[in-house]
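Visitor: Take these sequences, add in the hints, and give me the full structure.
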Amino acid sequence: MALPHMKGTKFSIYKNENSKWRTKSLFWELTPEEDRKKLPAIYTLYDEDIERDGKPYKSLKKLYMSYDHIPGAEWEFANNHLGGWEHWEILANSSMKPIKDAIALWRKEMEIKHKALAIKSMIKSAREDGAKGLSAAKYLADKGYVSQRGRPSKEEVDRERKFQAAISSEYEEDLERISLALVKSA
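Just so we're aligned: the sequence shown equals residues 53 to 238 in the working numbering.
Don't read these hints as lab results, they were simulated from the structure. Glycine included, every Cβ here is placed at the ideal spot set by N, Cα and C. Heads up, some of the hints might be wrong.
Claimed, not checked - Computed list of lysine to any residue pairs in SDA-like fashion (alpha-carbon distance at most 25 Å, straight line):
| id | residue 1 | residue 2 |
| --- | --- | --- |
| 1 | Lys149 | Met162 |
| 2 | Lys176 | Tyr119 |
| 3 | Lys160 | Ala144 |
| 4 | Lys195 | Glu141 |
| 5 | Lys113 | Trp137 |
| 6 | Lys190 | Ala125 |
| 7 | Lys114 | Glu103 |
| 8 | Lys195 | Ala156 |
| 9 | Lys110 | Asn131 |
| 10 | Lys110 | Lys149 |
| 11 | Lys114 | Ala193 |
| 12 | Lys160 | Asn131 |
| 13 | Lys149 | Ile219 |
| 14 | Lys90 | Ser146 |
| 15 | Lys114 | Asn70 |
| 16 | Lys167 | Ala144 |
| 17 | Lys152 | Ser64 |
| 18 | Lys89 | Ser147 |
| 19 | Lys160 | Ser111 |
| 20 | Lys195 | Pro123 |
| 21 | Lys176 | Lys152 |
| 22 | Lys67 | Lys89 |
| 23 | Lys114 | Gly135 |
| 24 | Lys76 | Glu100 |
| 25 | Lys113 | Ala156 |
| 26 | Lys165 | Ala189 |
| 27 | Lys89 | His139 |
As the list claims (entries may be wrong) - Label pairs and their calculated CB-CB ranges:
| id | residue 1 | residue 2 | range |
| --- | --- | --- | --- |
| 28 | Glu128 | Leu227 | 55 to 63 Å |
| 29 | Ser118 | Met148 | 18 to 26 Å |
| 30 | Lys152 | Ile230 | 41 to 49 Å |
| 31 | Asp120 | Asp99 | 17 to 25 Å |
| 32 | Asp226 | Trp137 | 46 to 54 Å |
| 33 | Glu208 | Arg104 | 50 to 58 Å |
| 34 | Leu115 | Glu225 | 52 to 60 Å |
| 35 | Ser118 | Ser64 | 22 to 30 Å |
| 36 | Ser118 | Glu86 | 19 to 27 Å |
| 37 | Lys110 | Glu163 | 39 to 47 Å |
| 38 | Asp194 | Glu100 | 28 to 36 Å |
Guide: This is the structure in structure tokens:
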């Protein structure tokens with residue numbers, strides 16, 4: 053349902069009357085009834101689709117879990133079920149605790165799903181294909197797609213050394229000042 057001020061725009065149902073990305077108002081359970089009359093909710097945070105007052109609300113979790121994506125790279129999902137990547141980022145980093153917590157749980161569940169499927173694939177490969185598909189399954193099981201922090205650069209080491217030296221110098225000055233204050237007052 054397009055709002056009058058956004059008729060014909062690509063993502064009209066995902067924006068409010070001020071053309072801002074919807075967050076709380078997207079979800080049935082987070083939107084007060086009087087607000088739902090003005091701007092109908094689209095989704096639910098429940099695990100399954102629901103129907104309230106004869107209107108269906110799709111479970112955003114169920115839609116999220118139906119994709120094969122890596123948590124943090126949900127681009128296709130965001131474009132198919134929200135206003136795009138920007139809208140998804142706003143939801144994922146929302147100050148609304150129920151939304152932020154739900155998305156964090158979905159991402160964790162997706163990681164567990166990937167790990168379980170990868171291990172299952174490794175078992176199947178070991179039985180049937182030998183080493184053929186094993187490396188890809190191992191990559192997924194080990195979360196090879198998550199970048200690992202390596203050794204700090206020389207610039208980072210120098211910056212940290214200078215920072216620690218500045219702190220040490222301030223500390224020494226503070227001690228000297230405190231000692232003088234104690235001596236003068238005694």
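Visitor: A separate judgement is required for each hint: does it hold in the structure or not?
Guide: Structure-based check of each hint:
Of the supplied pair hints, the one linking Lys149 and Met162 holds, its CA atoms being roughly 20 Å apart against a limit of 25 Å. The straight-line distance between the Cα atoms of Lys176 and Tyr119 is roughly 22 Å, inside the 25 Å bound, and the hint therefore holds. For a cut-off of 25 Å, the pair hint linking Lys160 to Ala144 stands: about 13 Å separates their Cα positions. Distance hint between Lys195 and Glu141 is fulfilled; the C-alpha atoms sit about 22 Å from each other, no more than 25 Å.
Between Lys113 and Trp137 the CA atoms are separated by roughly 16 Å; this keeps the pair inside 25 Å, and the hint holds. At roughly 20 Å between alpha-carbon atoms, Lys190 and Ala125 fall within 25 Å of each other, so this suggested pair holds. As the CA atoms of Lys114 and Glu103 are separated by approximately 15 Å, the hinted pair is consistent with the 25 Å bound. For a cut-off of 25 Å, the pair hint linking Lys195 to Ala156 stands: about 17 Å separates their Cα positions.
Between the alpha carbons of Lys110 and Asn131 the distance comes to roughly 16 Å, so the proposed pair stays at or under 25 Å and holds. A distance of roughly 20 Å separates the Cα atoms of Lys110 and Lys149; the hinted pair therefore holds under the 25 Å criterion. The straight-line distance between the Cα atoms of Lys114 and Ala193 is roughly 23 Å, inside the 25 Å bound, and the hint therefore holds. With a CA separation close to 21 Å, the supplied pair Lys160 and Asn131 stays within the 25 Å bound.
Restraint check: the Cα-Cα separation between Lys149 and Ile219 comes to about 37 Å, which exceeds 25 Å; the hinted pair is violated. With a C-alpha separation of about 22 Å, the suggested pairing of Lys90 with Ser146 holds against the 25 Å cut-off. Restraint check for Lys114 and Asn70: the C-alpha separation of about 29 Å exceeds 25 Å, so the hint is violated. For the given pair, Lys167 sits about 22 Å from Ala144 by alpha-carbon distance, which is consistent with the 25 Å threshold.
Pair hint Lys152 plus Ser64 holds up; C-alpha atoms about 23 Å apart against a cutoff of 25 Å. As the CA atoms of Lys89 and Ser147 are separated by approximately 24 Å, the hinted pair is consistent with the 25 Å bound. A distance of roughly 17 Å separates the Cα atoms of Lys160 and Ser111; the hinted pair therefore holds under the 25 Å criterion. With a C-alpha separation of about 11 Å, the suggested pairing of Lys195 with Pro123 holds against the 25 Å cut-off.
Between Lys176 and Lys152 the CA atoms are separated by roughly 36 Å; this puts the pair beyond 25 Å, and the hint is violated. A distance of roughly 15 Å separates the Cα atoms of Lys67 and Lys89; the hinted pair therefore holds under the 25 Å criterion. As the CA atoms of Lys114 and Gly135 are separated by approximately 18 Å, the hinted pair is consistent with the 25 Å bound. Between Lys76 and Glu100, the direct Cα distance comes to roughly 18 Å. Compliance with the 25 Å bound is thereby established for this hinted pair.
Annotation: proposed proximity of Lys113 to Ala156 holds, straight-line Cα distance about 11 Å (limit 25 Å). Of the pairs offered as hints, the one joining Lys165 and Ala189 holds, with about 13 Å between alpha carbons and a cut-off of 25 Å not exceeded. With a C-alpha separation of about 23 Å, the suggested pair Lys89 and His139 falls inside the 25 Å cut-off, and the hint holds. Taken as a hint, the range 55 to 63 Å holds for the pair Glu128 and Leu227, whose Cβ atoms sit roughly 58 Å apart.
Range check, Ser118 to Met148: about 23 Å between beta-carbon atoms, so the 18 to 26 Å window is met. One distance hint, 41 to 49 Å for the beta-carbon pair Lys152 and Ile230, holds here, with the actual separation near 44 Å. In this structure the supplied range 17 to 25 Å holds for Asp120 paired with Asp99, their Cβ-Cβ distance being about 19 Å. In this structure, Asp226 and Trp137 meet the distance hint of 46 to 54 Å, their C-beta atoms being roughly 48 Å apart.
Range check, Glu208 to Arg104: about 53 Å between beta-carbon atoms, so the 50 to 58 Å window is met. Distance hint check: the CB atoms of Leu115 and Glu225 are about 59 Å apart, consistent with the given range 52 to 60 Å. Checking the proposed 22 to 30 Å range against Ser118 and Ser64 shows it holds: the Cβ atoms sit about 24 Å from each other. Evaluation of the 19 to 27 Å hint for Ser118 and Glu86 yields a failure: the beta carbon distance comes to about 32 Å.
For the pair Lys110 and Glu163, the supplied restraint of 39 to 47 Å is violated, since their beta-carbon distance comes to about 23 Å. Between Asp194 and Glu100, the C-beta spacing of about 32 Å keeps the proposed range 28 to 36 Å intact.
In summary, the structure is inconsistent with hints 13, 15, 21, 36, 37 from the numbered list given earlier, while agreeing with the others.
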